[in-house]
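Since the structure of chain A is already known, use the hints to place chain B on it.
Heads up: the protein sequence lines correspond to chains A and B, in order.
The opening residue of the first sequence carries number 1 in our numbering; numbering runs sequentially from there.
The opening residue of the second sequence carries number 1 in our numbering; numbering runs sequentially from there.
Some hints here could point you the wrong way.
Stated by the list, open to error - Far from chain B, some chain A residues (derived; all Cβ distances over 12 Å):
(1) Ala17
(2) Gly41
(3) Ser42
(4) Asp96
(5) Ala97
Unchecked claim - To give an idea of the interface, some chain B residues facing chain A are shown, with a C-beta separation under 10 Å as derived from the structure:
(6) Gly29
(7) Trp55
(8) Ala97
(9) Ala99
Everything labelled a hint here was simulated from the structure, so no lab data went into it.
A quick note: this is a predicted structure, and the numbers were derived from the prediction, not measured.
Beta carbons: idealized from backbone N, C-alpha and C, even for Gly.
Protein chains: 2
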Amino acid sequence: MSAAGGNLYADLAADPAAERFEQLVARQGVTIERIVSMGQGSPDGFWYDDPRDEWVALLAGAAALQFDGDAHERRLAPGDYVHIPAHCRHRVAWTDAHAPTVWLAVYLPPATGESAARESGRA
Amino acid sequence: MSAAGGNLYADLAADPAAERFEQLVARQGVTIERIVSMGQGSPDGFWYDDPRDEWVALLAGAAALQFDGDAHERRLAPGDYVHIPAHCRHRVAWTDAHAPTVWLAVYLPPATGESAARESGRA
Chain A
1 MSAAGGNLYA DLAADPAAER FEQLVARQGV TIERIVSMGQ GSPDGFWYDD
51 PRDEWVALLA GAAALQFDGD AHERRLAPGD YVHIPAHCRH RVAWTDAHAP
101 TVWLAVYLPP ATGESAARES GRA
Chain B
1 MSAAGGNLYA DLAADPAAER FEQLVARQGV TIERIVSMGQ GSPDGFWYDD
51 PRDEWVALLA GAAALQFDGD AHERRLAPGD YVHIPAHCRH RVAWTDAHAP
101 TVWLAVYLPP ATGESAARES GRA
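Just chain A, same shape as in the assembly (with noise of 0.2 Å):
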């Protein structure tokens, strides 16, 4: 049995057009995803409204994240994670545009019915 991989790092090659969204792994029920940003932030007003819990990292690079309702941005740097539920509406508001942000963003089975409402909430 082999395990595939490679590099977080490798082929950063960022293309200011557009963000690269590459997904390393699609398997039950969960994705986990890089995702390569150059100056790119959420078009004004759009948010994202995901069904699934993500949980995302800025491994390298800098950006800002802004959460619905909240009056601040929050800025993220090398290392930082932030869980966001499930419907937690969110943007990015920035990306560094000097030089490549790089994402690393899990994705969590959609919670189903009765066992959503018993999850501990996180608040």
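Okay, now just chain B, sitting in the frame of chain A:
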């Protein structure tokens, strides 16, 4: 709704006497864990044989994994990740003895369809 977070490189006070396992997420059958090693490896003859797929990245330091049946160990540098299938027997051959090695491990839900309640610790 708020989003909890932290930093993967915070509080790296490594303990030469024991690896540190910190659960960052345990939801929907998925466990995300930070592990800080300082010279530890698996005991001789010990093999992890987990019913869950494990995706693991080495974020800092240096280490090597050994897979059952492979002639050579697999050395990992920062950014290297490996997707270890369920029941793929492996062990940690060594970790850097002189600086903290930081791992990020994502355990996927078991493939059996059985509840994630079966889930237990690493090993």
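Run the structure past the numbered hints and jot down the numbers of the failing ones, going up. Violated: hints 8, 9.
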